[in-house]
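Engineer: So you can see what is in the structure, the chains are spelled out below.
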Amino acid sequence: MSDAMALDPLERSIIDHLQGGFPVCSHPYAVAAARLGMQESELIARIKNLLQRGVLTRFGPLFQVERVGGAFVLAALEVPEADWERVLAVVNALPQVAHNYRREHRFNMWFVLATETPAGIAEAIACIEAGTGLRVHAFPKEKEYFVEMKLASRGGRYG
Amino acid sequence: MDDFARRLILATQQGLPLTPEPYAELARTLGCDEATVLAGIEDLLARGVIRRIGVVPNHYAIGYSANGMSVWDVDDAVVDALGERIGQLPFVTHCYRRPRHLPDWPYNLFAMLHGGNRDEVMVHVEEVRALLGEACRSSDVLFSTQILKKTGLRLTA
Chain A
820 MSDAMALDPL ERSIIDHLQG GFPVCSHPYA VAAARLGMQE SELIARIKNL
870 LQRGVLTRFG PLFQVERVGG AFVLAALEVP EADWERVLAV VNALPQVAHN
920 YRREHRFNMW FVLATETPAG IAEAIACIEA GTGLRVHAFP KEKEYFVEMK
970 LASRGGRYG
Chain B
5 MDDFARRLIL ATQQGLPLTP EPYAELARTL GCDEATVLAG IEDLLARGVI
55 RRIGVVPNHY AIGYSANGMS VWDVDDAVVD ALGERIGQLP FVTHCYRRPR
105 HLPDWPYNLF AMLHGGNRDE VMVHVEEVRA LLGEACRSSD VLFSTQILKK
155 TGLRLTA
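Protein chains in written order, with this note's numbering: chain A, 820 to 978; chain B, 5 to 161.
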């Protein structure tokens with residue numbers, strides 16, 4: 820698990836102000852850079868660097884695939900510790916597994932399945948159950964409550 | 005899934021090009037002109053197919069070392085009203101109603117809580133508990149100890 824990294828003021832500004840609203844126009848970096856008080860080339864270089872250092876996991880559009888027929892489902896496994904590495908390899912090998920976290924609970928592996936069709940979820944679950952011999956507990960969302968992106972950077976201040 | 009959305013997801017799932025004219029570059033990849041890409045993206049934003057365009061920070065790297073998935077067994081009659089209020093709390097990044105799996109899993113409300121350390125997250129847990137009041141029958145907090153994978157959506161061509 821990576822720890823908070825040292826971030827300079829420009830980097831903090833990018834993280835705090837560019838979690839959404841990236842412009843849709845011919846020269847979007849130039850427009851975004853002007854808003855942040857920096858040069859286009861500097862913004863591009865900074866984003867590249869933040870991606871390389873793992874401060875950012877991604878930069879681009881975030882899709883809500885449910886709106887175009889796709890599906891996202893949270894699911895959990897109760898993995899015996901002795902079998903952890905084998906099960907992890909089976910689960911992570913599936914491209915449908917978008918995120919996977921280890922959590923402290925009897926249900927110790929929690930992952931998100933993202934597929935192009937609802938049927939793809941059932942296929943992925945069947946594949947994981949066949950490959951691991953474990954039962955997948957699926958937690959499809961029944962309702963999403965309003966949340967907005969609001970985590971401001973706070974770690975690794977200079978000085 | 006409509007064709008433009010699908011091709012756009014395929015072309016951008018690794019990220020937006022880091023060049024001065026990223027949409028023109030996408031247009032070359034997709035075999036259309038930049039105006040078509042810009043209009044197509046605006047349409048997907050308006051329809052909510054694209055939730056947002058921007059940076060996705062690694063929570064750990066920006067100072068949120070602790071993340072707890074708080075789960076609550078809340079009276080079905082009031083869970084939606086309370087869920088909306090919990091989603092508005094500043095330290096909550098995701099909040100959903102999900103099915104119970106009785107008897108192993110009695111919880112129907114999931115709220116992801118972030119903090120600099122576990123103590124901070126536990127303070128947030130108490131804030132959520134106070135808000136839920138008597139509507140909540142039981143709860144748990146599942147701390148993550150390791151990111152095992154974080155690639156996001158991956159369609160295959």
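Bear in mind the hints are in silico, worked out from the structure with no lab data behind them. Because the structure is a prediction, the values reported are computed rather than measured. The C-beta atom is built at its ideal place from N, Cα and C for all residues, glycine as well. Check the hints yourself; a few may be wrong.
[Said to hold, decoys possible] To be clear about the criterion: a stretch of chain A counts as covered by chain B if any three or more of its residues have a C-beta under 8 Å from a C-beta of chain B, and this derived list gives those stretches: (1) 830-843; (2) 846-858; (3) 870-879; (4) 914-922; (5) 944-950.
Engineer: With reference to the structure, classify each hint as holding or not holding.
Structural biologist: Hint by hint, here is what the structure shows:
Counting residues of the region 830-843 of chain A whose CB lies closer than 8 Å to any CB of chain B gives 8, so the stated coverage by that chain holds, three being the minimum. Figure legend: the region 846-858 of chain A, annotated as covered by chain B; annotation consistent (4 residues with Cβ-Cβ distances under 8 Å, at least 3 required). For the region 870-879 of chain A, the assignment as covered by chain B holds, since 9 residues bring a beta-carbon within under 8 Å of that chain's beta-carbons and 3 suffice. Closer than 8 Å: that is the beta-carbon criterion, and the region 914-922 of chain A has 9 residues meeting it against chain B, so the requirement of 3 holds.
Here the region 944-950 of chain A counts 0 residues with a CB under 8 Å from a CB of chain B, which misses the bar of 3, and the coverage is violated.
Checked against the numbered hints listed earlier, the structure breaks hint 5 alone; every other hint is satisfied.
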